[in-house]
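Engineer: The chain contents come next:
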Amino acid sequence: MAGVAVFTYIMAIRMAPLVKAAPDRRFDRIPQRIFNVLKLWLAQYRQPRYKLAGVVHIMIFAGFLILSIRSCSLVVIGISDSFVVPGFGGLLGDVYNILKDYAATMVLVACAIAAYRRGVVKPERYAVPAKYGKDHTAEALFVLGLISTLMISESLFEASSVAANVQQGLHAESLAPASLAWFFKTALLSTSVETLQTIHIATFYIHDLTFFFFLCFLPLGKHFHVITSLFNVFFMRIDRGNIKPVQHGIKDEDLDNLESFGVKKLEDFTWKHILDFYSCADCGRCSDNCPANAVGRPLSPRFISIKGRDLTFKNYPIYPYGSPFKKSENLIGTIYEEDEIWSCTTCGACEQECPIGIEYIDKIVDLRRGMVDDGLVPQSLQKPLRALEKRGNPWGKMEKKRADWTKELPEGVTVKDLAKESADVLYFVDSITSYDDRMQAIGQATATVLSRAGSDFGILGKKEKDSGNEIRRFGEEMLFQTMKEMNTDAILDSGVKHIITADPHAYNALKNDYKGLPPVEHISQFIARNVKSGAIRLKSANGDGKVYTYHDPCYLGRHNDVYEDPRSALDAIGGLKRVEMERCRDRSFCCGGGGLMLFYEPEEEQRMGVVRVEMAAEAGANVIVTACPFCLVNIEDAIKVAGMEGKMEAIDLSELIAQHLQ
Amino acid sequence: MEILVCVKRVPDTAENEIEVNRDGSDIERDDLVYSVNEWDNYAVEEAIQLRDKVGGSVTVITVGDDESEEVLRREMAMGADNGLLLCDDAFEGSDGKGIASLLKAAVEKGKYDLILSGALADDGAGQVGGMLAAMLDYPYASLVNKIEVADGKLKVGREIEGGNQEMNEIQLPCVLSIQTGINEPRYVGIRGIRKVASVEIPQHGATDLGVDPTAVGAAGAKVKRVDYFVPDMGEGAEMLEGSTEEITAKLIELLKAKGGLK
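Going down the list, the sequences are from chains X and A.
If you read the first sequence in the working numbering, its first letter stands for residue 1, the second for the next number, and so on.
If you read the second sequence in the working numbering, its first letter stands for residue 1, the second for the next number, and so on.
Possibly wrong hints are sitting among the right ones.
Distance condition first, Cα-Cα at most 25 Å in a straight line; then the derived DMTMM-like pairs of lysine to aspartate or glutamate [what the hints assert, rightly or not]:
#	chain 1	residue 1	chain 2	residue 2
1	X	K383	A	D113
2	X	K390	A	D123
3	X	K390	A	E238
4	X	K397	X	E601
No wet-lab data here; the hints were simulated from the structure.
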């Protein structure tokens, strides 16, 4: 009774910040949410991405599910000896009893493996750097001990009863052979009935006390996920590539009326984001995949959650009873640092990996919105932001020069100006391809591919503004809205039926952030489609002696699930030798980030691009093919920084295809 | 502390390609974008920080046309309390002394303990701050990169040769010209500007200020711009050739020879 009361009290306190938090819209698309629960929670779909840890977790998780019925019935048995869970009287009960004996055994074995990993192997991703506080190994081992105690006491409770019954010649339930309980029973057969009685009662109390202690211990630390993960998965983000609105329930045109923007204090987070904090199991998979963390930037997504949770616990104290909730302070400068929040490239690797659907991008963007609102923007970003405001591109180049790249096109390739002519298709070029000397080649290649495939296309020219993908993700929502409105008007005025872009950042913004536009396609999809239809025919690469690898741009792959089209486009070039890097597809490693990230000057030990280039070399490739101008900038720079000129080259997919057009 | 910051709307050098127009009377202004003079941003940020520390208010002032209101708004979005626009057809074509005398008239209409300006403007000659101080008979410190408030006085610093720092004590009221790098000016977003979009900004003309229209503007200017032109190309730069190592070695040698490296 006391256990239940304490647990209820703790849970009530834990609910408080969720109630005070910002609104969130998470009760839509219920069938999809149920599917997510079945896949991610029940089937533990993402767990085996880390094989051993994943399998061990599945063993413990499955065991818990099976044994939860037993643990609950044991509580009631304490009150009424002859209690049987409704429906478990007959065959089902017998099957269940065998199942649970094995489950307990399996959990104990899994605990032993987990304890060995935690205590002896100590995988890198569990380590806690000194600046983030104390190591969490003790808590992990303590909980493994609790679980083991539960398993052993339950089995002993069962075994002592069966052993006593066998000795007295009474009806004894059969225990699952070679299970933990079965071993105990075999060992206890010669023990006196009185001792068995004592063991039976003692283990019952040990089990029940441990059970309630464990229950109340869960919401005090990282094992809260045992309770919250089900809900966290149910409420997890369904769409990808998008960014949450500044505030749910506020329309874009009413944003000006908001008092404050973004997250500044704890309660400015949405309730789902605080639930994320509760749910973090501290497994470190996010940070293990985070490129910013890998190159020594001051960001580790895991600690975004852990620090958030620690603060929530601190501000909403459980002990002593009746403690007042603490007043929230600014998060930036207390638990989070400016550089930490600017370090994120929004590549999405952390969210892709999290087994229980914890979100980071929206939190980072919300924190940035708060910083932008308070004027806390690094000088390196203020210049490009001002230039975007004035000229619609981060370099502050003249609008009238936006179409200058079309001055050098191969023979027979013409690009229409949609201000003067109409066309079916809009090629949305975006800023970097329009203005960067090197990247203009991507524009020329894309125009060539479109033209040779017989597409009737044109560009917006000086009416095109930056797509604003990073403006939004760097927290300058109102500037993004301005860009969005201008581009939307220009696109709709042009009367095109279809949009194509070779810039995944533009692709993502137009597809996921803009509303009411004609369908958007990335050039890799266009190529794959037209190779299939025969509109594009490619020469073979036979004899070029090169080994190609495809680098998945974050905003094409992870955020938009375009993995196959660029690969099939590459494979359409006969005789092209292609290898995969270990980190490919949804585990792709960010090149360093696009858009405004090109201007940010992070503290880091190494460039992400250099790490990526080394990965390509390790895979045995000497050409990195990418499908994003920002990836190309970063990777070409990285090849120089790594001193691999001559040994490694980088090329955009559109350029490679244009070279191989028949 | 009541602080007045003098700011100026200038063509943004980072976002424009500056070209001289055909008859050499001005630069090509058709496609220009304008912003607050960079130094002035630092001056306003410093004023806001001082106000937040010791109390008082910050007023931003500029001499210009209707369009100059935009820069006042931007500085108010940053956190300045008031804006003041000195605007009159008679002010057009003022030289540095004309601008300084207009500012002097505005200072005398108010009550300010401290007047800040940028050390210079992107399109200016760095003369107004000093002239204004002289006209007001206020003490003046230029190129200030550090301000500490002391009782009725300020301690102001400036960087001197070799990265060394000099500190001076100066009596209030005074005029300071502010160097970039004194602080990190805060970001002003679209949202901030919209918030102050409807704030009334008072405008003062010649009669409001009590200045003689013939003493300012083109009529009163004693410095007149006579020409703009692109200088003839001098001798080209020396291109170092060879492998990366050779180029590096030559460069170091040259730098040593010219005293750039010790």
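Engineer: If you test the structure against every hint from before, which numbers come out violated?
Structural biologist: 1 and 3
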